[in-house]
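Top to bottom, those sequences are chains A and B. So in numbering that gives the first Met the number 0, spot 23 of the first sequence is number 22, and the numbers just go up one at a time. So in numbering that gives the first Met the number 0, spot 537 of the second sequence is number 536, and the numbers just go up one at a time.
Think of the hints as simulated: they come from the structure by calculation, not from any bench. None of these values were measured; they are calculated from a predicted model. A virtual CB, placed ideally from N, CA and C, is assigned to each residue, including glycine. Certain hints may be false.
[Unchecked claim] To be clear about the criterion: a stretch of chain B counts as covered by chain A if any three or more of its residues have a C-beta under 8 angstroms from a C-beta of chain A, and this derived list gives those stretches: (1) 166-172; (2) 300-310; (3) 329-336; (4) 374-388; (5) 426-438; (6) 454-460.
[Stated by the list, open to error] No farther apart than 27 angstroms at their CA atoms in a straight line, the calculated lysine-lysine pairs in the DSSO-like style are these: (7) B:Lys466 <-> A:Lys165; (8) A:Lys165 <-> B:Lys458; (9) B:Lys458 <-> A:Lys330; (10) A:Lys28 <-> B:Lys466; (11) A:Lys171 <-> B:Lys465; (12) A:Lys28 <-> B:Lys458; (13) A:Lys171 <-> B:Lys458; (14) B:Lys463 <-> A:Lys171; (15) A:Lys165 <-> B:Lys465; (16) B:Lys465 <-> A:Lys28; (17) A:Lys165 <-> B:Lys463; (18) B:Lys466 <-> A:Lys171.
Residue strings, one per chain:
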Amino acid sequence: MIENNLLSIIIFAPLAGAVINWLIGGRLKNELFSSVVACGSIAVSALVAFYIAFVADGGALFINKPILDQIWTWINVGGFRADFALGMDRLSGIYACFVTFIGLLIHIFATGYMHGDSGFYRFFAYLNLFMFAMLTLVLADNYLLMFVGWEGVGLCSYLLIGYYIKKDEARKAAKKAFVMNRIGDWGVLMGIFLVFTLTGSISFFDKTVGGEQVTSVFTYVVNTMSADPFTWGAIVAGGLTSIGVLMFIGATGKSAQIPLLTWLPDAMAGPTPVSALIHAATMVTAGVYLVVRSNAIYQFAPTAMWIIAVIGAATALFAATIAIAQNDIKKVLAYSTVSQLGFMFLAAGVGAFVVAIFHVMTHAFFKALLFLGSGSVIHGMHHEQDMRKMGNLRKYMPITFITMAAGWLAICGIPIFAGFFSKDEILYKTFAADNYFPGGLKFPGEEILWGVATVTAILTAIYMTRMMVMTFWGKERFHDALPGEEHHDDHHADDAHHADAHADDDEEEHHHALPHDFKPHESPWVMTVPLIVLAVLSTFGGLVGVPYAMSSIFGAGDVNAFEHTLDPVIAEKGEHGTSEIKEVKHFFASAAKPEAGAAPAHDSHSPEVLFKERVLAALSTVLALVGIGIGFLLFYKTPLRTMPKILEEKWRLDEFYNGYIVDPITKLSTVGLWKGFDIGFIDGIVNGIGHAVAEFGNVARRLQVGFVRSYAAMILLGALAVVGYFIYYGLKLVG
Amino acid sequence: MEFFSQNLLTILLLLPVFGAVGIVLHQMFWKQEEQLKWLTFGITLVNFVISIPLIFGTKTAGFSFEVNKVWIAAINSNYHIAVDGLSLWLVILTTFIMPIAVLSTWNAVEKRPTAFYAFLLLLEAAMIGVFVSLDLLVFYLFFEASLVPMFFLIGIWGGENRIYAAVKFFIFTALGSLLMLAAIIGLYYMHAEQTGIGTFDFVTMMRSLELGQLAIAGTAGTLMFWAFALAFSIKVPLFPFHTWLPDAHTEAPTAGSVILAAVLLKMGTYGLMRFNFALFPDQSREWAWLFIVLAIVGIIYGALVAMVQPDVKRLVAYSSVAHMGFVILGMFSFTEWGMQGALYQMLNHGVSTGALFLLVGFIYERRHTRAISDFGGLANVMPLYATIFVITAMSSVGLPFLNGFVGEFLIMLGMWKSTILGVTATTNWNYVATMLAGTGVIFAAVYLLWMIQRVFFGKVTNDKNKKLTDLSTREIGLIAPLMFLMVFMGVYPRPFLDAAKDSVNAIQKRVMHQAGGDVDHAERNADLSPQTAVKDAN
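Please take these sequences and the hints and turn them into a complete structure.
Listed below in structure tokens is the structure:
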């Protein structure tokens, strides 16, 4: 067991930053101070994370044992043990590195974006607190502490979505996000109970604490349990499949999958750096982390995996269809995020856990980039978010344009760019799901899922191209009135409005009617530098995970560093269906790679497989180009093309939830429970008794006025009851 | 010093009583109404300070600070008081919350302050008495005595509808406790009949039970179980006996609501745990299913009704119904996790709901309204107040690392692993129960956040709210200790849980071990580690 107390610095540095900003920054109200504290604490956190991941004790990413840090024992009741303890293994190492790194970039960006906001210190206190929660989630060494981070990021998300407290939509979105997340959290909580019931542990790692041996959940599962059958019944059987489904309910909440997806687009009411950090790059991928972390459980739960794959694919398509019809630049990106998260779950569901994480990482690069780019656009457009009022911005914001173009090509899946490798692998592994699905089972419906994913990929290219075209190409529409919007022609009114806007900068509500002489401007360097860094990562970041099928074309051999790094995290298991578990290998048990002979007949390096993979890769590249082409064809000339109403209205899912769930519950509670049962029924009875007793008291003893007589009556009644009881009991004794 | 430690509990009991007499005399002779609150605050603060040695002096097992003196020899009733792990924290909670409650009344008592403060002090004595009494008759007296001051606090210093609320409060609770009195007397005769000596002493009864000299069974046993259970369930309050609570809370003055939520309700759950479980283990097991069902209904019902309340205080009151449902659920799971979690949740509820009532009181003193629709955008004018309110709400919602989470988690874990509901071939009823109870956690977020959204966020819509001042130093001072506890109890619950562990486990073992033919089953689930249990089950 390797211990390294530096680990706690990764989470406590941001916490310290949050506290300092809250207590001292709130008094100083100095932007420089708050920026330095906020960015500095994340920088410390990032440095330590990279140091432990790559250097200390041989580097958490290279060794086969987790690096642990026991801080204190939180709960220890009746054999249930939850430590406040951190652990960095290869999976959490990768997460910690990209979370801190992207977090740092976004913090720096935000110092520019939030400039002039009256709640500057508060914003950064929340943002740092978020980093604390997110890193706790990732580095936790057990399910319960992970859940602490899980709820913590939910809270910070709530605070940051509702950051512009005066905006009505912001406060509604904040509450919606928290509640929908809570619905998911219910699943995680129940999942944890079941994990503890089945395995007697909630720890992720084998360890010794204070002389006490703690066995990890996954060791226990891999060594002693057998796979659940691939049936619907397994879901409610209370076994590993039930855990898998319950945990996935949590993931649908946090990662905005069907049916709990509607909070994420609304969450865009928060400041844009928040959207980039929380609602694109980090927090929303926590669900994927949970699934991959629990892969030992999922590999024994084929039904749960199948459900994950189906929900993932369905969400990907569903969100992409909505994204294509949105006019708010952030809404497009939000639905795109939902869609991409669906891809990640599809990967995890077909058994390609490593690819899911790969896509998490590349997506973090390009989606953070796109969001920050949109933030830069919004900043340059004086808080206008409607793409119908943009156009030709590449002339005014060249850096933003070029960097965003990198993100655009990455998400479309153009070769070399980061998104290409991860997305392509997801498509391929879905197509070949039989080979990756656990237990050597046949995966039902893999072709359909592949088809859905491919269509989604084309749609992705179309809607991203639409977004780019509407924003950066075409003619300038800054002063055009939208249908249904009054055209502001009064020069003076505009000026007044503009001045007003600067005075009240924390409102973001002054985006209507830009002044006549308005020219968009490029953002300051604190905003463009993070964009450039992320653009570089979005362009070349995918090269760490080039699959063999492609690298071998260039004779480079097996250079998929990403997959090799994460491979040991994926549990090795015995064959499905046998009560006897053979060839069990714990994923941290030894540094040696598992024997090739133990693997199923599928050989990922055989010529036919390589051929298939290459053909599919070529196909998806062509389709991405076709998608971009369609995008230009459709929207270059007519950027304001009318889109289908049902898509613009998001398939009316919110209306459905409100009409069929929220309203009936509210009505039932008001009319049925409160007014009906409480006041009508119970109080009716009690008041009836009260009146009767009062009357009785009146008759029995005409005592004082006021309510004292009820008291007297009660005592009398009670005394009678006592006497009655004695008589009853005495009679029984005699008899 | 030895005198002090031997009579610590007696001092805790008598100091407020003498204090009450003292302030009445003070007012009679000096007529300094302004000084009364200072005096009362001083007395309650001293009482808190001298209760602190209890924390360090209470043994983990058995009773500590025990005093057992003859009170009424003729009926063999003794002044028998002590604390153990079960009552320790409740006594501390009482002495801790009292100075805060007094401080909250600083500018709020508009009439007859002498009587007000005297009642508060008498209430404190009665509440401490309830938690430390081991003689059933003495317990009953304290239990009833706590009713009277609260009755007057609501009836005299309450809101518009105070008479109705006070009478309702009284009818409900008095009805229950009179039945309990009958049962206590019944127990006395039963003991007399079976052992030859009549006694009200709880410890003696327990010994007789353990030695097999006393058996509380049959119809009489069931009736007595229900008499106790009803008295306590009304106090908790358990659905469907809860309707007195919203009225009492809403009409009571702030201090009254705080004490009611923080301590008075706990008398019910404490009573169930101390007396029902110990004296009637078989009946408790037999009827556990009913309590679990009612608790779950209460959790969901309380949350749903809280959601649609137009009045902030009434909303918090209904949330109490839901929270106390969790406590009952944990207790009746009869597992270590559930019962310790229930005890911990009693403390948590005292701290966070107490804090919520204080916070509602702050705004009521400023605006003299509690209607949610009268507010909106308060975060703009009272940022500190808004922050504290959100944190407190989060503690009530059960956010991890705040106190509420630990209790709720342990309770649900306990219910999940409970064997009390039995397992049929197709259904683990304990899983079903936990899953249903777990939805209460979702609803809690709904009603509190919805209220926060409407009260604090948005623009200030009502002109009357534009000039509101943020919290004063006094207000910060009285909410700060509660905030500290919320965080401390959330991140480091072990001192609380460890001190209570042995006492609670003893009760748990007692209930589950007298399970007749079920002994082996119960033992296995209580003693073995889950891993072994799972293997056995397989």
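Cross-check of the supplied hints:
{"no.": "1", "hint": "166-172", "result": "holds (count 5)"}
{"no.": "2", "hint": "300-310", "result": "holds (count 6)"}
{"no.": "3", "hint": "329-336", "result": "holds (count 3)"}
{"no.": "4", "hint": "374-388", "result": "holds (count 3)"}
{"no.": "5", "hint": "426-438", "result": "holds (count 6)"}
{"no.": "6", "hint": "454-460", "result": "holds (count 4)"}
{"no.": "7", "hint": "B:Lys466 <-> A:Lys165", "result": "17 angstroms, holds"}
{"no.": "8", "hint": "A:Lys165 <-> B:Lys458", "result": "5 angstroms, holds"}
{"no.": "9", "hint": "B:Lys458 <-> A:Lys330", "result": "25 angstroms, holds"}
{"no.": "10", "hint": "A:Lys28 <-> B:Lys466", "result": "23 angstroms, holds"}
{"no.": "11", "hint": "A:Lys171 <-> B:Lys465", "result": "22 angstroms, holds"}
{"no.": "12", "hint": "A:Lys28 <-> B:Lys458", "result": "23 angstroms, holds"}
{"no.": "13", "hint": "A:Lys171 <-> B:Lys458", "result": "13 angstroms, holds"}
{"no.": "14", "hint": "B:Lys463 <-> A:Lys171", "result": "24 angstroms, holds"}
{"no.": "15", "hint": "A:Lys165 <-> B:Lys465", "result": "14 angstroms, holds"}
{"no.": "16", "hint": "B:Lys465 <-> A:Lys28", "result": "23 angstroms, holds"}
{"no.": "17", "hint": "A:Lys165 <-> B:Lys463", "result": "18 angstroms, holds"}
{"no.": "18", "hint": "B:Lys466 <-> A:Lys171", "result": "25 angstroms, holds"}
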